[in-house]
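**Q** Given the structure of chain A, go ahead and fit chain B onto it with the hints provided.
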Amino acid sequence: MHHGFGIDITTGATIVVAIVSFIYFIGIMVFGTYFSKFSKNLNDYFYSGQRFAWWLAAASMVATGIGSYSYLKYSEQGFNTGMSSTMTYMNDWFIVPFFIFGWLPIIYFARVRSIPEYFERRFNRTARYFAVIIIMAYMFFYIGYNLFTMGVAIEGMFGIRQLWSIPVITLFIGIYVTFGGQTAVIFTDLVQGIMLYIAGGLAIVAGLWALGGFGEFWGWLPVAHRLPFVDLVADPKFNASGLFWGEALAGSIAFTFMNQGFIMRYLTIRSVHEGRKAALFNVVVCLPLSAIVVGAVGWLARAIVTKQAAVGGALAGIEPIHIENTYHTFIVVCWETLKRNSWLFGFVVAALTAALMSTIDTLINACAAIGIYDIYKPLIKPHADDRHYLKAARWASALATVLGLLLVIWFNRQTGSLMAIHYKGIMLIIPPIVTTIFLGAFWKRFNALGACVSMLIGVVFTMATNWWPGLVRPLAWFVVGNAADIYMPALFGMLVTAVAGVVVSLLTRPDTHKDITGLTVETLDKAMEMYKGGPPNHVPGRPVKRIEVRLDESVPPGLISVSPAAMETMKAHEGDMVYMTDARPWLGGLRSQHVRFAAPHAQADRVVLMSKATRDDAFLLDGRPVTLDKIF
Amino acid sequence: MSSRKSEAPLILAGTLFFVYGFPRAVIRWLGESSPWTPYLYLYGLGLVTFLIGLRVILKSRACQPGRGHDSAWLAVLLLGYAFFALLHAAWIMAALYIPFKGGG
Numbered sequence: 001m002h003h004g005f006g007i008d009i010t011t012g013a014t015i016v017v018a019i020v021s022f023i024y025f026i027g028i029m030v031f032g033t034y035f036s037k038f039s040k041n042l043n044d045y046f047y048s049g050q051r052f053a054w055w056l057a058a059a060s061m062v063a064t065g066i067g068s069y070s071y072l073k074y075s076e077q078g079f080n081t082g083m084s085s086t087m088t089y090m091n092d093w094f095i096v097p098f099f100i101f102g103w104l105p106i107i108y109f110a111r112v113r114s115i116p117e118y119f120e121r122r123f124n125r126t127a128r129y130f131a132v133i134i135i136m137a138y139m140f141f142y143i144g145y146n147l148f149t150m151g152v153a154i155e156g157m158f159g160i161r162q163l164w165s166i167p168v169i170t171l172f173i174g175i176y177v178t179f180g181g182q183t184a185v186i187f188t189d190l191v192q193g194i195m196l197y198i199a200g201g202l203a204i205v206a207g208l209w210a211l212g213g214f215g216e217f218w219g220w221l222p223v224a225h226r227l228p229f230v231d232l233v234a235d236p237k238f239n240a241s242g243l244f245w246g247e248a249l250a251g252s253i254a255f256t257f258m259n260q261g262f263i264m265r266y267l268t269i270r271s272v273h274e275g276r277k278a279a280l281f282n283v284v285v286c287l288p289l290s291a292i293v294v295g296a297v298g299w300l301a302r303a304i305v306t307k308q309a310a311v312g313g314a315l316a317g318i319e320p321i322h323i324e325n326t327y328h329t330f331i332v333v334c335w336e337t338l339k340r341n342s343w344l345f346g347f348v349v350a351a352l353t354a355a356l357m358s359t360i361d362t363l364i365n366a367c368a369a370i371g372i373y374d375i376y377k378p379l380i381k382p383h384a385d386d387r388h389y390l391k392a393a394r395w396a397s398a399l400a401t402v403l404g405l406l407l408v409i410w411f412n413r414q415t416g417s418l419m420a421i422h423y424k425g426i427m428l429i430i431p432p433i434v435t436t437i438f439l440g441a442f443w444k445r446f447n448a449l450g451a452c453v454s455m456l457i458g459v460v461f462t463m464a465t466n467w468w469p470g471l472v473r474p475l476a477w478f479v480v481g482n483a484a485d486i487y488m489p490a491l492f493g494m495l496v497t498a499v500a501g502v503v504v505s506l507l508t509r510p511d512t513h514k515d516i517t518g519l520t521v522e523t524l525d526k527a528m529e530m531y532k533g534g535p536p537n538h539v540p541g542r543p544v545k546r547i548e549v550r551l552d553e554s555v556p557p558g559l560i561s562v563s564p565a566a567m568e569t570m571k572a573h574e575g576d577m578v579y580m581t582d583a584r585p586w587l588g589g590l591r592s593q594h595v596r597f598a599a600p601h602a603q604a605d606r607v608v609l610m611s612k613a614t615r616d617d618a619f620l621l622d623g624r625p626v627t628l629d630k631i632f
Numbered sequence: 001m002s003s004r005k006s007e008a009p010l011i012l013a014g015t016l017f018f019v020y021g022f023p024r025a026v027i028r029w030l031g032e033s034s035p036w037t038p039y040l041y042l043y044g045l046g047l048v049t050f051l052i053g054l055r056v057i058l059k060s061r062a063c064q065p066g067r068g069h070d071s072a073w074l075a076v077l078l079l080g081y082a083f084f085a086l087l088h089a090a091w092i093m094a095a096l097y098i099p100f101k102g103g104g
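Residue numbers (our numbering), protein chains in the order written: chain A, 1 to 632; chain B, 1 to 104.
Just chain A, same shape as in the assembly (with noise of 0.2 Å):
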């Protein structure tokens, strides 16, 4: 007998489980590599050529969000303090004004491949490489990290040290990440967000199941563990202030605005317009449903063990629960309500596995952006040719890989609870970076040296809260908050380094001598102008589905050209840019491309007319018809 889950578990049943999670990482593997065909440049290696439909991007977002750790921290959270475990998934519709009208714009139309890099357009390279630190320091903390909880759990279920089992998982996801670029990326995420869904979904129900309903659920749930809040400040770790300070607006504008991962795919999408349809989809769809798929079983948990001890003894059907630690709620109760079948129990287990590929390989993958945008080729190649840079970014991606391995080491030396490590870390990494890109999307007169006396100041006076932790309690008091608790450093950060970068831009003359047109909310107009290429056609028309494809040489690369008719449906002018996409439209634009229009061609209604490498450029097929959609 095998006691490594916290639960009975024969040897015969550890295998299937094994087997069934090996068979998954081979076939996400192989999959993810399939799409390395996909990235014929450094563009698409990265960013897929900002081609792809919103709900793909959204759908991937899914699994990008939920780590390996999620199931297990929000499960004993979900425990212990109940449905308020979903806070930090549903409270981030603050900011988004200022993510759609502002930043998501200000980054897509500047074309910006990481945020170092409008550092250095927006203020100077002193900026940008403040940028690099702190940025990777986030990225490598969350890589460490994932591995690091996906090596405690392993060693919890099978007894693996996490000597070899960390290495081993490593090296599969860097295989696919390494050779696939994002749209190895992109889809896989798109898969494994599905199976997140369908193994939480199926540990719900056996749950909602053994319990006899989602009435008895509800009717034995206690109150304290139904509300949506924790109290205002009783826990220092877990309180609704520090929450919405560290967690609503630190950290969501971390997530949103700064992490290159979220970033890099909503850079992947065909259009502004449609990147607002992905971040609404977000906030509004997907996180909540994370925020159920992993912290239910948390609650139906707390429901069982009420009802159990209410009845004197198990519930029909399934053995008795007994939840001794609570960091093993959610193996213990899915082994349990899914009536210890290792089969099913083997799927839920892949699918933590997904959830720790699917953070990881965007993080390597954003990692090595900035490695290649941000330290190769401005400082050590700058002039080399796009195959060059492709190689590098692989290379780039495979030492990330292995960057994040060595913090494990680091990870394996700390004390204290996951989750206490967790937003520890966090909270003292972002403030200075996230109100400095505040500042300078939001404040046109935030000049360069603002910005990097801002950011070293707020990474002093935030680490030095470390140390000395009073510097937070007149703020604290100020917010009726917990002086104690673990967001309140974020807060402080945030502030220290707002006055700063204010104080020291009004004291200094402004940055008349460079040019950020584009690169603030003010300037979003002449953005979108100098992105197009032309002014703007903001009349909205409609697109023109399933149109023959021609070819016609006489149509420069780059541009098509469609009837007056086709012109006319989707209210276009010639030289207003076009999204054309093979006409399925399932495939979420892996087949697809921006290009503009040329004068209207004579020919019948139906039928588009380009040169062959316009058409090889958007991965089109030979006889597929595709559907065009103007852009503006």
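No lab work stands behind these hints, which were simulated from the structure alone. Bear in mind the structure is a predicted one, so any value in this text is a computation, not a measurement. If a hint is listed, it holds; no wrong ones were tucked in.
Below 30 Å or equal to it, Euclidean Cα-Cα: the simulated BS3-like pairs (lysine-lysine) are: (1) Lys-526/A <-> Lys-571/A; (2) Lys-59/B <-> Lys-571/A; (3) Lys-59/B <-> Lys-526/A; (4) Lys-59/B <-> Lys-532/A; (5) Lys-391/A <-> Lys-612/A; (6) Lys-59/B <-> Lys-514/A; (7) Lys-59/B <-> Lys-444/A; (8) Lys-444/A <-> Lys-377/A; (9) Lys-101/B <-> Lys-307/A; (10) Lys-391/A <-> Lys-377/A; (11) Lys-101/B <-> Lys-339/A; (12) Lys-514/A <-> Lys-444/A.
**A** Chain B only, in chain A's frame:
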């Protein structure tokens, strides 16, 4: 431009006053342990953040109602705030008013 400059200190002072006064007023009214206190804290201070965001995007003309899809997106933003606020309010009421079978 000058009116914008003169508005900024007023907005800052107003925000600070609200951040200081609102939670204390809510606690005095409902008590610190009421389930509605964290709700009002989140949606009260969150509303300030949200409104500042709306003001910034409208003043900067990043959002221009009447242009393209901007009006629709502005409506989505307002409805989104209402959606989450109502969802959480309904959730609290369901938690409080549906009887608990455990007797505690």
